[in-house]
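Number of protein chains: 2
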Amino acid sequence: MAITQTKTIEQSLTIEPHHVDRRRYPEGVAFMDGQYLPMSEAKISVLDWGFLHSDATYDTVHVWEGRFFRLNLHLDRFWGGMQRLRMKLPYDREEVTKILHNCVALSGHQSAYVEMICTRGSSPTFSRDPRQAENRFIAFAVPYGSVANKEQLDRGLNVAISETVRIPPKSIDPSIKNYHWLDLVKGLFDAYDQGGESALILDTNGNIAEGPGFNVFIVKGGSLQTPAFGVLPGITRHSVFDLAKEIGLPAEAVDVSRAELSEADEIFITSTAGGIMPVTKINGLPVADGLVGPVTRRLMDLYWKKHSDPIWSTAIDYRSQQ
Amino acid sequence: MAITQTKTIEQSLTIEPHHVDRRRYPEGVAFMDGQYLPMSEAKISVLDWGFLHSDATYDTVHVWEGRFFRLNLHLDRFWGGMQRLRMKLPYDREEVTKILHNCVALSGHQSAYVEMICTRGSSPTFSRDPRQAENRFIAFAVPYGSVANKEQLDRGLNVAISETVRIPPKSIDPSIKNYHWLDLVKGLFDAYDQGGESALILDTNGNIAEGPGFNVFIVKGGSLQTPAFGVLPGITRHSVFDLAKEIGLPAEAVDVSRAELSEADEIFITSTAGGIMPVTKINGLPVADGLVGPVTRRLMDLYWKKHSDPIWSTAIDYRSQQ
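Each protein sequence line maps, in turn, to chains A and B.
Residue numbers for the first sequence follow the working numbering, beginning at 322 and rising by one.
Residue numbers for the second sequence follow the working numbering, beginning at 322 and rising by one.
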């Protein structure tokens, strides 16, 4: 590629009117500027502060067998983030709900990963003042994805702990779902170096915080614990508290030390991308007997059962695309 | 706008083949995928990890009166950041230099703000593994911009201190120039709320760190001090050390407390976007006599003189666009 590019540079110095993009994009539908578009057209200017300053918030809801799962909780968090970032959209909650629904309906995906994004945008006068920016909304529906693949869901993930410290709340409010991931990406590379499949990084006190895109729970003596400090208040994490209550399992958000993690009876991670996913190795060493535990299995089963429960999910009307 | 958009949603539910973008873009030229493009075409997919995870590094060099200023220092920092993020480009340093030059030459700008960006990109298999991503390079040249406008450069900026803490090095290595700015944006809004024109935020120990896109210096008893911990090693900051040495001014990187800032004889900020810029008010109170100080003026003059010095700058060949 280097050679071709160099050739291009030497051969022609003309400004081409339109960008020709040869990348592959997943099957899906996006919404931007009042237009429904194929994913290959869902692009933002490199001058949008959502990119240049990662000045954006977002949320991701999933669709399973034609139904949104807990959409309202995702919309609550998304609106909360926009308010704390002092961003405003030209759409109300009902309109955004309609847009998300239409992206899924137009995509035809029965199981989808649906993202709603608000970026600072940019200033029409090119000023550097974020108060003068026109905030922008983007949404898209792509095929459902999971942190853990089928095999990993069956045997449990091998997760490594990185010394990297999650960006603290004094710097960025973790309840604003954000794209500041360089700490998590560093943690992921650290984990790969140790032979792990994914990573957990630490909070400012050296306790376990979270991983790239997921919260973590430990099961000890029949009760659940998950880190309380400096983590994203995940919707799947929230669901685990709801499910635990339903089946009478004590669950609390507390500090979780590295030692407590290693001595757990069971460990699982939670994410909209995969739901409840078992972890059976930490730093290559088995968690308890190294098998997916009964509490984890029970919560996984219950979590997926809820996807057809009208209290927890809402149907997509795929005919609305005709 | 909300109304129009709602109409769009209700009227048509068709997928349009191409995005129609009505935004305004600055005059400039970008380079992506071997193509030179107008700024309006310089867009990245919302699925690029450079956006979704702010997994990117960049650098910005400026062109003044047809000459790059200290381009090599910017290239050094850019390559250092890519290496620490384990990113690779299909271009070597010589090719990137050529691309940056061509963006400026094609834009015709005599004074430009020139950005080079490396993003993680995305995985052609849509995997979540950053090791499988195809990193991508983007460059662009737009008109030169400054943190401080003409009036502010003459009378000095009014800067407010925010309690927000800059993302610490344990989370993200500040020597990797990055787009993680939500802490700086929060600081900026805090400053606006206090009537300030820009902001300074703190380090994890409560000392002064930096502001949105700039480092800060204080002048006390004829010597210069700038925060040492957790700040971007700015090229203009670097230049101030070089200039201070040239004129025999002592300069050191140390902890700078809020008290030391308030009691300074002079204060200035440094950025590629504006160079050396005077600060004459902190939280609305005058710095010393509230006038731009002699040391600041002397350094500003010297800084701009260096822009025609071949040791500090290199000429653009604008004919290369023909």
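By construction, these hints were calculated from the structure, which means they are not laboratory data.
Hints are not guaranteed to be accurate.
Unchecked claim - Label-pair distances were calculated between CB atoms; the ranges are:
| hint | chain 1 | residue 1 | chain 2 | residue 2 | range |
| --- | --- | --- | --- | --- | --- |
| 1 | A | Arg343 | B | His559 | 47 to 53 angstroms |
| 2 | A | Asn470 | B | Glu484 | 54 to 60 angstroms |
| 3 | A | Arg414 | B | Pro615 | 54 to 60 angstroms |
Unchecked claim - Within a straight-line C-alpha distance of at most 35 angstroms, the following computed DSBU-like cross-link-like pairs (lysine-lysine) qualify:
| hint | chain 1 | residue 1 | chain 2 | residue 2 |
| --- | --- | --- | --- | --- |
| 4 | A | Lys491 | B | Lys409 |
| 5 | B | Lys498 | A | Lys498 |
| 6 | B | Lys627 | A | Lys491 |
| 7 | A | Lys471 | A | Lys419 |
Said to hold, decoys possible - Residues from chain B that face chain A, not an exhaustive set, calculated with beta carbons under 7 angstroms:
| hint | residue |
| --- | --- |
| 8 | Ile336 |
| 9 | Pro347 |
| 10 | Ala363 |
| 11 | Ser375 |
| 12 | Ser492 |
| 13 | Leu553 |
| 14 | Leu606 |
| 15 | Asp610 |
| 16 | Arg640 |
Idealized CB from N, CA, C, for every residue including glycine.
Status of the hints after comparison with the structure:
1. A/Arg343 with B/His559: 47 to 53 angstroms: violated (39 angstroms)
2. A/Asn470 with B/Glu484: 54 to 60 angstroms: violated (44 angstroms)
3. A/Arg414 with B/Pro615: 54 to 60 angstroms: Taking Cβ atoms as reference, arginine 414 of chain A and proline 615 of chain B lie about 57 angstroms apart, which means the hint holds.
4. A/Lys491 with B/Lys409: Distance of about 33 angstroms is within 35 angstroms: holds.
5. B/Lys498 with A/Lys498: Status holds; Cα separation ~22 angstroms.
6. B/Lys627 with A/Lys491: Violated, at roughly 40 angstroms.
7. A/Lys471 with A/Lys419: Since the Cα atoms of lysine 471 of chain A and lysine 419 of chain A sit roughly 32 angstroms apart, the hinted pair holds (cutoff 35 angstroms).
8. Ile336: Cβ of isoleucine 336 of chain B sits 5 angstroms from chain A, so the hint holds.
9. Pro347: Check passed: Cβ of proline 347 of chain B comes within 5 angstroms of chain A, closer than 7 angstroms.
10. Ala363: holds (5 angstroms)
11. Ser375: holds (4 angstroms)
12. Ser492: holds (4 angstroms)
13. Leu553: Given a least distance of 14 angstroms, the restraint on leucine 553 of chain B is violated.
14. Leu606: At about 23 angstroms, which exceeds the 7 angstroms cut-off, the nearest Cβ of chain A leaves the hint on leucine 606 of chain B violated.
15. Asp610: For aspartate 610 of chain B, the interface hint is violated, since the closest Cβ of chain A sits about 28 angstroms away, which is over 7 angstroms.
16. Arg640: Nearest chain A Cβ about 10 angstroms off; hint violated.
Figure legend: structure checked against the earlier numbered hints; hints not met, in rising order: 1, 2, 6, 13, 14, 15 and 16.
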